[in-house]
Amino acid sequence: MRTEIRYSGSGGQGLITATRIIARAALRENKISLQSQVYGAEARGGATKSEVIISDREIYFPEIEIPDVVLLMTQEAYRKYGTCVKEEGIRILDTFYIPNYDRISKARTYTEPFTSICEEEFHTKLVSNMLVTGYLIGIVKMISLKSFTQAIGDFFSDEKLTMNIQAATFGYNLAVK
Amino acid sequence: MSIQKEILQGAQACVKGAMEAELGFFAGYPITPSTEIAEILSTELTKEGKIFIQMEDEIASITAVIGASLAGQKAMTATSGPGFSLMQEGLGYACIVEAPLVLVNVQRGGPSTGLPTKVAQGDIMQSRWGTHGDHPMIVLSPDSVQELYELTIRAFNLAEQYRNPVIILTEETISHMREKVLIDTSKKPHLIKRAKPELRTGETYLPYGKLVDDVPIIGNIGDGYGTSITGLVHMENGFQSANFEVADRLIRRLNRKIENKIQDIFEIEVINPDAETMFISYGVASRTIKSLIYSGHDEIGLIRVKTLFPIDPEQIRKYALKAKKVIVSELNLGQYYYEMQRILPEKKVHLIEKIGGELIAPKEMLRRIEELND
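Top line first, the protein sequences correspond to chains A and B. The opening position of the first sequence corresponds to residue 1 in our numbering, with each subsequent residue numbered one higher. The opening position of the second sequence corresponds to residue 1 in our numbering, with each subsequent residue numbered one higher.
Warning: the hint list may mix true and false statements.
[As the list claims (entries may be wrong)] List time: in silico DSS-like cross-link candidates among lysine-lysine, alpha-carbon distance up to 25 Å:
| id | chain 1 | residue 1 | chain 2 | residue 2 |
| --- | --- | --- | --- | --- |
| 1 | B | K47 | B | K193 |
| 2 | A | K31 | A | K125 |
| 3 | B | K180 | A | K141 |
| 4 | A | K49 | A | K86 |
| 5 | A | K177 | A | K125 |
| 6 | B | K363 | A | K86 |
| 7 | B | K193 | A | K31 |
| 8 | A | K106 | B | K363 |
| 9 | A | K49 | A | K80 |
| 10 | B | K47 | A | K141 |
| 11 | A | K80 | A | K125 |
| 12 | B | K196 | B | K261 |
| 13 | A | K49 | B | K180 |
| 14 | A | K160 | A | K125 |
| 15 | B | K363 | A | K80 |
| 16 | A | K31 | B | K5 |
| 17 | A | K49 | B | K363 |
| 18 | B | K5 | A | K146 |
| 19 | B | K196 | A | K146 |
| 20 | B | K5 | B | K47 |
| 21 | B | K5 | B | K193 |
| 22 | B | K306 | B | K325 |
| 23 | B | K5 | B | K188 |
| 24 | B | K318 | B | K347 |
[Said to hold, decoys possible] For the chain B half of the interface with chain A, some residues (derived, Cβ under 10 Å), not all of them:
| id | residue |
| --- | --- |
| 25 | V145 |
| 26 | K180 |
| 27 | I293 |
| 28 | E358 |
Keep in mind the hints are simulated off the structure, nothing from the lab. Idealized CB from N, CA, C, for every residue including glycine.
Required output: the full structure, derived from the provided sequences and hints.
Shown next, in the form of structure tokens:
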């Protein structure tokens, strides 16, 4: 079993952090994981692509050609990667940033205005990366929510940790409800 | 045995290896995609009261590293293409004065500033012959984050043992990606330290005079020995000479100290040794071939070169000659391919290359194997 997940959005949305935490959570479940990203020159605001592969077996080729799951967090990301997903794959779109999108027949598409939901619930956009990742885990189930929230603890502490876990749990419940 | 399992970025693993190897001094100048190594070391080294300096450029960086090395520190620097070009002068100096050091070159697309954030393997020949004159060089190529950790420790051991620069030639992909690393925390890794002079009463100290396997026993600066250090050809006492015999003897010895130990230094990993189609590859490029082999392509084999230089032709010939087809795969226009042609003159060697900042995907590799002409 090998799951290839691509996140694309804008620098500063925390997408690289999210995929790093997924990779760490997979390790906690004794799975093999590999995380990578494509950088631009900008620290914030540039288009980002971050990927994580989770597998029961060793991962040799470190890149994803066509992902099983694609998560899109800006209109530009949608334009670049919006239709690049495997047959029977999964697309997750933040309609706060991507109001207009095409239906495609080959993949299941899930949409929510994740960023505005995050602002309503947590009064900040900062944890929308965790909210949407919780949602993704609820849909894809490549790791458990428990390992994910434990792995968040490797990255954050104190109030930040609490809020990130709350956001991930909220997103997860949104997906499985 | 107690194995610690972690997810590390390549740069983190490199730093971890360096710290395990008792790195004492780092001088560097930030450059993508090697900057993370300097950034992490800036805190790791200073935490232990060791020295980290951000220099004004790469020439100053390697020169500072040479100075620290001659003063007895295990010293390293990290850079990428354009910075590596600037360091060539210092590398040659380190070779002739026999200063142990580790240089990590995280390769990006070139020439010049090229493709700063993209993967490449374009510095193979520069790592071997970038500095002028006949000189030995040890160049290591890891294929994973785990191996970047292991080969960093090995690089320090080889540098100390042979008193020569060791280049770790890694790539943007390996240095930036995160994957699992297993570290045995129950024991310290085996570390080699350079020999120190032990003079008998009345014995004259000759920094380049006392040799063990052609490696001189040089006193560290600060240990009380007066050592003359010069990039000019020098006599056993360290002072300059333009004498033919002195020059001939020195340059031959420098090269011999590595050549005679090729069997210890050169390392390969061989998978499917009896395969009909044998790949020769290294670093991140070899992961495409491993991916094919471990997804059921038993007709494919791999000679993965972990030590790019010095090359032990016999170890490669042993596996390559019996294969029906030999293919070198690398992310440049054939730099190691020419070396393989040189050591396999009786064999038609094929090349599957890619430039432009992308890896060869497994499916693309299968298509390109099909396209090869016999």
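So, going through the hints one by one against the coordinates:
no.: 1; hint: K47/B x K193/B; in the structure: holds (23 Å)
no.: 2; hint: K31/A x K125/A; in the structure: violated (31 Å)
no.: 3; hint: K180/B x K141/A; in the structure: holds (21 Å)
no.: 4; hint: K49/A x K86/A; in the structure: holds (17 Å)
no.: 5; hint: K177/A x K125/A; in the structure: holds (23 Å)
no.: 6; hint: K363/B x K86/A; in the structure: holds (15 Å)
no.: 7; hint: K193/B x K31/A; in the structure: violated (38 Å)
no.: 8; hint: K106/A x K363/B; in the structure: holds (21 Å)
no.: 9; hint: K49/A x K80/A; in the structure: holds (10 Å)
no.: 10; hint: K47/B x K141/A; in the structure: violated (40 Å)
no.: 11; hint: K80/A x K125/A; in the structure: holds (23 Å)
no.: 12; hint: K196/B x K261/B; in the structure: holds (21 Å)
no.: 13; hint: K49/A x K180/B; in the structure: holds (21 Å)
no.: 14; hint: K160/A x K125/A; in the structure: holds (13 Å)
no.: 15; hint: K363/B x K80/A; in the structure: holds (22 Å)
no.: 16; hint: K31/A x K5/B; in the structure: holds (11 Å)
no.: 17; hint: K49/A x K363/B; in the structure: holds (22 Å)
no.: 18; hint: K5/B x K146/A; in the structure: holds (19 Å)
no.: 19; hint: K196/B x K146/A; in the structure: violated (55 Å)
no.: 20; hint: K5/B x K47/B; in the structure: holds (23 Å)
no.: 21; hint: K5/B x K193/B; in the structure: violated (28 Å)
no.: 22; hint: K306/B x K325/B; in the structure: holds (21 Å)
no.: 23; hint: K5/B x K188/B; in the structure: holds (16 Å)
no.: 24; hint: K318/B x K347/B; in the structure: holds (13 Å)
no.: 25; hint: V145; in the structure: holds (9 Å)
no.: 26; hint: K180; in the structure: holds (6 Å)
no.: 27; hint: I293; in the structure: holds (8 Å)
no.: 28; hint: E358; in the structure: holds (8 Å)
Against the hints set out earlier in the document, violations occur for numbers 2, 7, 10, 19, 21.
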